[in-house]
Every structure is written in C-alpha cells, then in structure tokens.
Amino acid sequence: MNELDNYKKRQHRIFGEFLHEIKTPLTIIRTHLESEIINETVPLEVRQKLVLDVEEVARINHLVNDMKILLGENTKMLQKTFKNESLLSLVMDVVESLGPLASLKKQKISLVSQENCTVLMDEYKLKQLFFNLISNAIKYSKNNSQINVLFFIEKDFISVEVKDEGMGISLQNQTKVFDAFYRVDEHAQEGNGLGLAVSNAIALMHNAKISLKSKIGKGSRFRVKFKRDL
Amino acid sequence: MRILIVEDEIKLSNNIADLLKTQKYECEQVYNGEEALDRIYEQHFDLVLLDIMMPYLNGIEVLKALREANNSIGVLMLSARNQVEDKVNGLDAGADDYLSKPFSNTELLARIRSLLRRHSDTRSSVIKCRDLMMDDVKKEVKLCGEALELTSKQYKILELFMMNINVTFTRLQLSEYLWGDENTDRSANAVDAHLKNIRKKIGEGYIETIHSIGYILRA
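Sequence lines, in order, name chains X and F. If you count by this note's numbering, then the first sequence holds residues 12 to 241, one letter each, in order. If you count by this note's numbering, then the second sequence holds residues 99 to 317, one letter each, in order.
To be clear, the hints were calculated from the coordinates, so they are not data collected in a lab. Positions of the beta carbon are idealized from the N, C-alpha and C atoms, including for glycine. Any given hint could be a false lead.
In the DSSO-like style, the derived pairs of lysine-lysine whose C-alpha atoms are separated by at most 27 Å in a straight line are [unchecked claim]:
no., chain 1, residue 1, chain 2, residue 2
1, F, K226, X, K34
2, X, K79, F, K119
3, X, K150, F, K237
4, X, K117, F, K237
5, X, K79, X, K117
6, F, K185, F, K226
7, X, K60, F, K162
8, F, K185, X, K20
9, X, K117, F, K185
10, F, K162, X, K119
11, F, K237, X, K94
12, F, K298, X, K117
13, F, K237, X, K60
14, X, K116, F, K251
15, X, K153, X, K229
16, F, K162, F, K237
17, X, K87, F, K162
18, X, K60, F, K119
19, X, K166, X, K153
20, F, K298, F, K119
So the derived label-pair ranges between C-beta atoms look like this [unchecked claim]:
no., chain 1, residue 1, chain 2, residue 2, range
21, F, K240, X, Y135, 29 to 35 Å
22, F, N168, X, V53, 30 to 36 Å
23, X, N184, F, R100, 56 to 62 Å
24, F, E302, X, K226, 45 to 51 Å
25, X, S222, F, D136, 44 to 50 Å
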C-alpha cells in the first residue's frame with residue numbers, strides 16, 4: 012500500500028471516530044432538554060422553545076447517521092443482521108406515514124403490486140430510502156398531482172418505481188443529484204442535501220441499484236432494483 | 099423500582115438519573131464496570147442501564163460476568179460506538195435490550211417500562227386509565243368494557259401513552275417511535291393524523307394536546 016492510501020485510510024478512520032464521539036454529547040444535550048420539556052413546572056413558552064432545540068439536535072444526529080452510511084462503515088457486519096421481510100408492507104408503511112403530507116397538497120399516492128415479496132433488509136435503513144424517494148416526489152410536485160408507486164416482480168428481480176408528475180430533473184443534473192450535498196435548487200431550505208446520496212448508499216448496501224429517468228416539466232421516475240435471492 | 103445506572107459520562111448519568119426520578123424510580127449511579135458488579139452483588143436492583151464503553155471493565159464484560167454467575171437481572175445496554183457490532187455483541191452476551199445514542203427520553207422510558215414489566219414476577223397484562231383498559235397480552239383495548247378496533251399503529255401509540263401516564267411526548271418523539279429516528283423530518287403531520295383518529299375512537303377527554311409541544315395522557 013502506498014503513502015496516499017495509508018493517508019486516506021487514516022483520514023477515513025479519524026472521521027469515523029469523530030462521528031462516534033459526537034454521539035455522547037448529543038445524547039447529553041437531548042436528555043437534558045427533554046427532561047425540561049416534560050417538567051410541567053417549567054413555563055410553557057420555555058418548553059416550546061426547547062422542543063425546537065431538540066429538533067435541531069435531532070437534525071445534527073440525522074446528519075451524523077447519514078455521514079456514517081455514506082462512509083460505508085460496517086457494511087459487512089450490518090448485512091449479517093439483515094432479515095427477510097416484506098418489501099410491500101415496508102413501502103405501504105412509508106406511504107401511510109407520508110399520506111398526511113401528500114393530502115396537504117391534495118396529491119394522491121397510489122401503490123400497485125401484483126403480489127407480496129420479500130427481500131433481505133435492514134428495515135429502518137430501507138424505510139429511509141423509500142421515505143426519501145416518496146417525500147421528494149411529494150415535495151417537487153404540484154398540488155393535485157398523482158404519485159405512483161409500482162412494484163414489478165420478475166423472476167430474478169424486484170423493482171419498485173416511484174413516479175411523479177413534478178418539475179423533473181434536467182439531463183445534466185440527473186447524475187449529480189446522487190452526489191452528497193448537491194442541490195438542484197440552491198435556495199431549497201428543506202433537507203440536508205444528502206437524501207439521494209444516502210438512498211443510493213442504502214441501495215448498494217442491499218445489492219440494489221437506483222436509476223433515474225426524468226424530463227423537465229413532465230416528472231421523474233426513480234427505480235430501485237433488487238436482486239431476488241431465490 | 100430500583101435502577102442502577104452504569105455510565106462513565108457523569109453528565110449523561112446525572113441527566114438519566116434526573117429523568118428517572120421524575121418517574122418515581124429509585125436510582126443509583128456508578129461510573130465503571132467494576133463498581134457496577136460490586137453494587138449488583140451487594141444490593142437488589144430491578145434493572146441495570148449499562149453503557150458499553152467504560153474504563154477498566156467494559157459493559158460487555160460486566161454482562162458476561164453477570165450471566166456466567168446466573169444472574170438474570172434485566173439489562174438495557176447503551177452505546178454510541180460501532181453500533182451494529184455492539185448490538186450483536188451485547189445481545190449475544192445476554193442483554194435484554196439495546197439502545198443507541200443519542201436516544202430520546204421517550205425511547206428510554208418506554209424500553210425501561212417494557213423491561214420492568216417483562217421481568218416482574220407479579221406481572222399483570224392489564225393497564226388502566228380511567229375507563230380505558232389495555233390488555234397487552236391479548237392486544238386488546240376496551241372503553242367502558244366495550245372492545246375498540248384499533249389499527250396496529252394506533253395500538254402502538256396508545257400503548258406508549260398508557261404505559262407512560264402523565265408524561266408529555268413531543269411530535270418528534272412520537273414520530274421516531276413509529277418510524278425510526280431517520281424518517282422523522284416530514285412525518286410530524288402523520289403523528290397528528292394518527293392522534294386525531296385515536297381520539298375519534300377513545301373520545302376527546304383522554305389525550306390532551308399541549309400547544310407547540312406535543313401530547314399527554316392524564317390519569
């Protein structure tokens with residue numbers, strides 16, 4: 012191994028350590044704030060502000076967890092803990108939890124699958140992937156539009172498509188959207204700019220691939236393709 | 099109920115102790131693995147909160163020593179490092195449950211209550227709040243003796259409230275509880291929708307909204 016590889020490896024390790032070390036102070040802050048929030052002798056307006064502080068702490072924690080996924084730490088170890096679970100119920104759960112968000116914009120989400128299907132997965136991580144794709148579809152589509160979540164079950168593959176009628180992504184941006192911290196709209200406030208990069212890393216963890224087809228003004232279609240382990 | 103907190107970060111240990119005291123638990127704090135073993139052998143505890151990374155004897159070693167001595171006390175492991183690896187090692191070594199940092203108070207209280215119930219000898223499966231009764235073995239909820247039909251998510255939320263009467267839960271905590279802590283950014287609305295539907299079934303008088311904070315079930 013050459014010096015540069017060594018250097019990179021060391022940087023990688025230091026960064027990983029940093030991500031671990033930050034967890035304890037975050038826990039201290041969060042538990043402290045939350046004890047005050049449930050304390051009914053603390054004035055209501057103070058407790059309301061602390062709720063917002065906890066949300067910021069949670070945001071830092073998301074960022075840390077996302078960076079861990081991007082760093083690809085412990086992937087092999089993690090795969091050992093994978094369980095064979097229903098992909099359909101997982102996606103249904105995500106659709107259900109995002110339903111209220113879609114109805115705020117009077118959008119309809121429909122979910123179509125011919126049959127139930129299972130894949131080896133880390134349930135929470137895979138949920139995060141579909142959360143990202145479907146909530147992006149909601150976010151980047153107009154009111155009253157339709158979002159379709161479609162399952163294609165083949166002999167060797169299972170694909171899940173998330174299709175929207177939203178603003179679409181230009182050809183030149185289609186590869187970049189999977190880069191960490193890349194935003195098509197620089198002024199967008201929501202999210203940390205890691206959503207699709209993390210989704211992609213989660214897909215790889217599951218030996219799956221994400222592909223994107225999109226046309227400006229027409230909408231986007233994200234497809235996650237899993238290998239069947241039969 | 100007596101709980102031993104084994105955590106070398108003094109501030110975190112104090113925060114946890116403060117939280118547990120608000121819930122009327124008695125707790126003791128020790129700051130390393132050796133002290134933990136001494137204390138557990140000397141006194142009676144109902145549950146141990148055990149950090150993994152500690153000086154001298156780490157949490158996994160403490161747990162192994164306990165289980166080798168046939169001590170079956172309930173152990174909830176806490177850890178920040180190498181989460182997956184720690185989880186596998188901890189559960190292999192005989193931990194009853196595992197919580198990774200940073201955890202929320204809700205999650206901590208909920209796990210503690212469920213472990214205490216699992217380990218208590220006089221275990222009753224029925225929790226009551228006024229005219230509301232929940233049987234967590236039959237997975238059944240009754241209002242004034244009449245069985246209610248709840249979806250699995252509604253049941254899960256109501257169970258959390260019934261096991262933590264008079265505790266305020268924020269939307270963030272509820273959404274983490276339902277969907278895991280990665281997926282909470284945009285699901286606060288979903289929490290409100292679930293609460294609305296639960297109220298339709300159990301009536302308005304039970305779960306109270308605390309404006310800009312969250313929800314509480316009062317005794």
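Status of the hints after comparison with the structure:
1. K226/F - K34/X: Roughly 37 Å between the alpha carbons, so the hint for K226/F and K34/X is violated.
2. K79/X - K119/F: violated (34 Å)
3. K150/X - K237/F: violated (37 Å)
4. K117/X - K237/F: Violated, because 35 Å separates the two Cα atoms, which is more than 27 Å.
5. K79/X - K117/X: violated (36 Å)
6. K185/F - K226/F: violated (34 Å)
7. K60/X - K162/F: The hint is violated at about 43 Å.
8. K185/F - K20/X: holds (25 Å)
9. K117/X - K185/F: Distance ~42 Å between K117/X and K185/F Cα, so the pair is violated.
10. K162/F - K119/X: violated (53 Å)
11. K237/F - K94/X: With Cα atoms ~25 Å apart, K237/F and K94/X stay inside 27 Å; holds.
12. K298/F - K117/X: holds (23 Å)
13. K237/F - K60/X: violated (37 Å)
14. K116/X - K251/F: holds (24 Å)
15. K153/X - K229/X: Holds, at about 11 Å.
16. K162/F - K237/F: Not OK: K162/F and K237/F at ~34 Å, beyond 27 Å, violated.
17. K87/X - K162/F: Answer holds: K87/X to K162/F is near 25 Å, not above 27 Å.
18. K60/X - K119/F: holds (24 Å)
19. K166/X - K153/X: Not satisfied, since the Cα-Cα distance of roughly 36 Å exceeds 27 Å.
20. K298/F - K119/F: violated (34 Å)
21. K240/F - Y135/X: 29 to 35 Å: Given range 29 to 35 Å: holds, Cβ gap about 33 Å.
22. N168/F - V53/X: 30 to 36 Å: Between N168/F and V53/X, where Cβ atoms are some 45 Å apart, the hint is violated.
23. N184/X - R100/F: 56 to 62 Å: holds (59 Å)
24. E302/F - K226/X: 45 to 51 Å: At roughly 49 Å between Cβ atoms, K226/X and E302/F fall inside 45 to 51 Å, so the hint holds.
25. S222/X - D136/F: 44 to 50 Å: Since the Cβ atoms of S222/X and D136/F sit about 59 Å apart, the hinted range of 44 to 50 Å is violated.
In this structure, the hints that do not hold are numbers 1, 2, 3, 4, 5, 6, 7, 9, 10, 13, 16, 19, 20, 22, 25, in rising order.
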